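Construct all of the structure, not just a fragment, from the sequences and the given hints.
As you go down the protein sequences, you meet chains C and R in turn.
Residue numbering for the first sequence follows our numbering, starting at 3 and increasing by one per position.
Residue numbering for the second sequence follows our numbering, starting at 9 and increasing by one per position.
There may be inaccurate statements among the hints.
Estimated spans, in silico, between C-beta atoms of each pair [what the hints assert, rightly or not]: (1) C:T88 / R:Q53: 21 to 27 angstroms; (2) C:M29 / R:T63: 25 to 31 angstroms; (3) C:G55 / R:S92: 41 to 47 angstroms; (4) C:G55 / R:H90: 43 to 49 angstroms; (5) R:S92 / C:S20: 39 to 45 angstroms; (6) C:D40 / R:A9: 16 to 22 angstroms; (7) R:H90 / C:S82: 42 to 48 angstroms; (8) C:D58 / R:S20: 38 to 44 angstroms.
Capping the alpha-carbon separation at 20 angstroms, the derived lysine to aspartate or glutamate pairs in EDC-like fashion look like this [to be verified]: (9) R:K108 / C:D40; (10) R:K66 / R:D93; (11) R:K108 / C:E54; (12) C:K59 / R:D103; (13) R:K108 / C:E61.
Calculated from the structure, these hints are not laboratory results.
As the structure is a computational prediction, the values presented were derived from the model and not from experiment.
We put the CB at the ideal spot given by N, CA and C, even for glycine.
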Amino acid sequence: NAGVTQTPKFQVLKTGQSMTLQCAQDMNHNSMYWYRQDPGMGLRLIYYSASEGTTDKGEVPNGYNVSRLNKREFSLRLESAAPSQTSVYFCASIASSGGAGETQYFGPGTRLLVL
Amino acid sequence: AQSVTQLGSHVSVSEGALVLLRCNYSSSVPPYLFWYVQYPNQGLQLLLKYTTGATLVKGINGFEAEFKKSETSFHLTKPSAHMSDAAEYFCAVSDQGTYKYIFGTGTRLKVLA
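Structure follows, in structure tokens:
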């Protein structure tokens, strides 16, 4: 049972390049999240998926798109990377769709550097 | 809108001393409350959480937190710090009926030998 996995672990992009961050969970969880972590700012929600086929914007969605490919996988795409998107990206999941005080399980993160 | 405030972005304690990390939330309706820990180059993992019931919550690694509604606080404590406690700690809240989790800006704990 691997929990939440993320690929790649580290990526360097040039401004304007595109890339997709992959996330998968093997816990049969319904809801999945993408956050970015920046120094002094905590974690900020980019997008959320309550269940397969649904996605919602979070606090900082601009410049990102997401796909909930199936129940296990939730990908984050940067269509045209900008230096402001240099960050550490975390994927997380919870068992149900309604939150209700459930524990979030986090992946190990993807460190992205945009030059 | 719900917000979370963690006082002190950096806290240093001596090994064996009390650890106290502060967290206050803004909601007038008690939310669900969490503390997560992040070790270097790792994801976050749950230390403890408050949903309902007893206001003193015990977590892993000897940590505990007390929900105080009158003070809108959920401070994290540990009686005796260990070198292995050095990490970044995040307080988070989740309102009832919502999927959103709001995180504080984090407190980096340093343990001095």
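Results for each hint:
no.	hint	in the structure
1	C:T88 / R:Q53: 21 to 27 angstroms	25 angstroms, holds
2	C:M29 / R:T63: 25 to 31 angstroms	29 angstroms, holds
3	C:G55 / R:S92: 41 to 47 angstroms	42 angstroms, holds
4	C:G55 / R:H90: 43 to 49 angstroms	46 angstroms, holds
5	R:S92 / C:S20: 39 to 45 angstroms	40 angstroms, holds
6	C:D40 / R:A9: 16 to 22 angstroms	20 angstroms, holds
7	R:H90 / C:S82: 42 to 48 angstroms	46 angstroms, holds
8	C:D58 / R:S20: 38 to 44 angstroms	40 angstroms, holds
9	R:K108 / C:D40	19 angstroms, holds
10	R:K66 / R:D93	16 angstroms, holds
11	R:K108 / C:E54	17 angstroms, holds
12	C:K59 / R:D103	17 angstroms, holds
13	R:K108 / C:E61	10 angstroms, holds
Of the numbered hints listed earlier, not one is contradicted by the structure.
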